[in-house]
Amino acid sequence: MELDFSVWAQRWPYLLDGLWMTLAISGAVLVISAPLAVVAGLALVARNRVIRGAAVTLSWLVRGVPPLIILFICYFVLPVALNLRLEPVPAAIAGFVIYNTFLFGELVAAGLRAVPKGQHEAVAAAGLPPLRAFRRVILPQAIPSIIPPYVSYATDMVKGTALAGSIGAMELVTRASQTIIATNRPFEILIGIAVIYGLIDACLIVLQTWSERRWASKEARRA
Amino acid sequence: MSFDPQILAAYLPELWKGLRVTLWLFLAIMGLCTPIALAIALARISGRPWLAWAAATYVNVIRSIPLLVILFFTFYGLPVAGIYVSPFTAAMIGLTVCTSAYLAEDLRAGLMAIPRGQYEAAAAMGLPPGRFVARVLIPQALPVMCAPYFTRAIVSLKATSIASMVAVGELTSESMAALTETYRAAEFLGFAAVSYLVISSLLALLQAAVQRAVRLP
Amino acid sequence: MTVTPRRTLALLAALGLALPAGLATAAPVIDENLQITLPTPQPWAMRNLIKDGTLIVATTAKTKGETFIGDDGTLQGARIDLWNKIAEDLGLKTEYVTIDWAGVMPGLAANRFDLACEGASWTPERLTSPDFFMTRPVKVAVNVGVVRADSGIDSWDQAQGKKLGGVKGEIELKDLIAHVPGADADAALSLPGVSEARLALMNGQIDVYGTGIQAAKSLLAGPDGDKLKILAEPTKVGVGGFCVNRNEPDLAQAVNFLLAKYRADGTMTAINEKWDLPDYSDLLGQLGY
Numbered sequence: 001m002e003l004d005f006s007v008w009a010q011r012w013p014y015l016l017d018g019l020w021m022t023l024a025i026s027g028a029v030l031v032i033s034a035p036l037a038v039v040a041g042l043a044l045v046a047r048n049r050v051i052r053g054a055a056v057t058l059s060w061l062v063r064g065v066p067p068l069i070i071l072f073i074c075y076f077v078l079p080v081a082l083n084l085r086l087e088p089v090p091a092a093i094a095g096f097v098i099y100n101t102f103l104f105g106e107l108v109a110a111g112l113r114a115v116p117k118g119q120h121e122a123v124a125a126a127g128l129p130p131l132r133a134f135r136r137v138i139l140p141q142a143i144p145s146i147i148p149p150y151v152s153y154a155t156d157m158v159k160g161t162a163l164a165g166s167i168g169a170m171e172l173v174t175r176a177s178q179t180i181i182a183t184n185r186p187f188e189i190l191i192g193i194a195v196i197y198g199l200i201d202a203c204l205i206v207l208q209t210w211s212e213r214r215w216a217s218k219e220a221r222r223a
Numbered sequence: 001m002s003f004d005p006q007i008l009a010a011y012l013p014e015l016w017k018g019l020r021v022t023l024w025l026f027l028a029i030m031g032l033c034t035p036i037a038l039a040i041a042l043a044r045i046s047g048r049p050w051l052a053w054a055a056a057t058y059v060n061v062i063r064s065i066p067l068l069v070i071l072f073f074t075f076y077g078l079p080v081a082g083i084y085v086s087p088f089t090a091a092m093i094g095l096t097v098c099t100s101a102y103l104a105e106d107l108r109a110g111l112m113a114i115p116r117g118q119y120e121a122a123a124a125m126g127l128p129p130g131r132f133v134a135r136v137l138i139p140q141a142l143p144v145m146c147a148p149y150f151t152r153a154i155v156s157l158k159a160t161s162i163a164s165m166v167a168v169g170e171l172t173s174e175s176m177a178a179l180t181e182t183y184r185a186a187e188f189l190g191f192a193a194v195s196y197l198v199i200s201s202l203l204a205l206l207q208a209a210v211q212r213a214v215r216l217p
Numbered sequence: 001m002t003v004t005p006r007r008t009l010a011l012l013a014a015l016g017l018a019l020p021a022g023l024a025t026a027a028p029v030i031d032e033n034l035q036i037t038l039p040t041p042q043p044w045a046m047r048n049l050i051k052d053g054t055l056i057v058a059t060t061a062k063t064k065g066e067t068f069i070g071d072d073g074t075l076q077g078a079r080i081d082l083w084n085k086i087a088e089d090l091g092l093k094t095e096y097v098t099i100d101w102a103g104v105m106p107g108l109a110a111n112r113f114d115l116a117c118e119g120a121s122w123t124p125e126r127l128t129s130p131d132f133f134m135t136r137p138v139k140v141a142v143n144v145g146v147v148r149a150d151s152g153i154d155s156w157d158q159a160q161g162k163k164l165g166g167v168k169g170e171i172e173l174k175d176l177i178a179h180v181p182g183a184d185a186d187a188a189l190s191l192p193g194v195s196e197a198r199l200a201l202m203n204g205q206i207d208v209y210g211t212g213i214q215a216a217k218s219l220l221a222g223p224d225g226d227k228l229k230i231l232a233e234p235t236k237v238g239v240g241g242f243c244v245n246r247n248e249p250d251l252a253q254a255v256n257f258l259l260a261k262y263r264a265d266g267t268m269t270a271i272n273e274k275w276d277l278p279d280y281s282d283l284l285g286q287l288g289y
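Residue numbers (this note's numbering), protein chains in the order written: chain A, 1 to 223; chain B, 1 to 217; chain C, 1 to 289.
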């Protein structure tokens, strides 16, 4: 078998458009779902039974159903149920945000559980306002144990955006598979796609290493 | 959209077969990944530079490659070099390689929640590393690792659907095949969604039980 | 009326004369030069479209010749031309949604698209589906087996005991399994798509790939196509049409009307020739289409 990468010379503009869409969807999802995940994480460990119960149930449903089905609900079921017609890209972003909020929310909850109970009691005893206590004391301690899995899921999420093709958002992988059909050059196209994803994920992993160091040094300074 | 349960009954043997393949694939990869991932996570925090470097490289390289591409090369690429593997084996290898990297990161995060001081204390007391890991580190990290572990397990359960890309007739693949044949979407997608939800619910119940059992005092 | 011998004779004589005369006088009624016009609504009122004035069509853009992404990165093919022509004649704009197969039928059932599928094979289930209407055929679906040129398989008898494969869920794969004597459906390899099936065939993971004649020809025209061949005898010959949104019987009616018109006035043949697709006019004619 001979590899012939000339297909890229001809087809790159079409594939590049797909890369922009992959980046736009991934970026929007990561930015929107990060704060929502903190809220979801707090709700998952809330002392209030109703809030915790609601969060746990939602998390169970959202994490238990395949992401494809969540996308289908956003794109196909909402127009019928709520008369809300989302275009493919907003529908894809909405679907992935719902899914990742609870996926990341579980990570935040796990991080919060790692903070010893005594600390929660200590900040309450010290009379710190709850929001400030959370932001200044609890969250900084939870973050080091949240970052590695968060970035892991982020790299997974970027690759997971390929599913958006099934609701009409023409991202990188969907365009690649159309190009493979048109050219019969699967290996050349796939190697190129793997390199592109590798570069995106490498950026995320560099970000992870950097933020881990930053938190580690902060902690060291505190100690 | 109409819903006709009878069409599900007609395809039940195929769907049931798909469900069984999904379960076996899931159990196989979790069984293989858990010890591998734990070993990688421990290597990363071991403090031995070359071991930590090797583990970090594995994790970062694998996380950068789409699972689909890994599977594509194990199944369609290897035969070009004269190596043949069955679809199930190709999927199992690909998913294990990939999931162990992700799971290693999840477990490492749990291990990092243990204050560094304990490592030094253990070293000062002359506690052998194996014993330190088994008796001190893991018991403390378990409550923290529990939720990410099960979250990853649920994600992996659904990742098995990518095995359909290498001709494994698992749940998603069989459901999509029935959909393609009959052009009936609601019934077969609904069946797949409910099946995944049921399995992941069992995992969530298991998670709750384990979490209660390992809760820190 | 009382029949007398004389009258009978006269009647017979009249008939005898009238027989050739009758043929002669009947001729103008079926005169080939007779101008027949079909009443065509102008404009054709479409009451149930999802978006007024727009025909929303879903396609995977993964069938070479029919709908695919060209070198210039645009959606093109014989079906695109056909859909554009239909929309033009109905006074509509087209809006194409390129979407993975997983989303096509759910979208049609969920009222997202007016029209979908570039050539869905007619099957009893699909013809009676409560989720969509099937239009009249736009093509004859010839399903064939593709083998490696050096495989030594030249007939279906020689395909016995060989590894069969195709795209999962496709009728083409089912037809292949049904056509090979003693084939085991469970042993056949269901691949996710056309390009994967091609690789599996090249790799020897399957020996016979069941697919449509068009996809098969495209493989033979592609890279390493000379290493493949198509078995002469098809596994099955059927027909394929479009799927129309269940809420739009008026669109189904109009599309059927126009497809018949395009068959008659040569539009269909011209489009197929432009994209190098076979012209199935004669075969479709045999079926009354």
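Hint data in this document are derived by calculation from the structure and do not stem from the laboratory. Any given hint might turn out to be false.
[As the list claims (entries may be wrong)] The calculated lysine-lysine pairs, modelled on DSSO-like cross-linking and capped at a C-alpha distance of 27 Å, are:
id, chain 1, residue 1, chain 2, residue 2
1, C, K163, B, K17
2, C, K93, C, K261
3, C, K236, C, K162
4, C, K274, C, K93
5, B, K17, C, K261
6, C, K236, C, K217
[Said to hold, decoys possible] These stretches of chain B come out as covered by chain C in the derived footprint (C-beta under 8 Å, 3 or more residues):
id, stretch
7, 116–124
8, 171–180
9, 185–195
From a predicted model like this one, the values you see are computed outputs, not experimental measurements. By construction, the Cβ of each residue, glycine as well, lies at the ideal position given by its N, Cα and C atoms.
Hint check results:
1. C:K163 x B:K17: holds (20 Å)
2. C:K93 x C:K261: holds (20 Å)
3. C:K236 x C:K162: Answer holds: C:K236 to C:K162 is near 19 Å, not above 27 Å.
4. C:K274 x C:K93: Distance of about 22 Å is within 27 Å: holds.
5. B:K17 x C:K261: violated (47 Å)
6. C:K236 x C:K217: holds (16 Å)
7. 116–124: violated (count 0)
8. 171–180: holds (count 6)
9. 185–195: holds (count 3)
Checked against the numbered hints above, the structure breaks hints 5, 7 and satisfies the rest.
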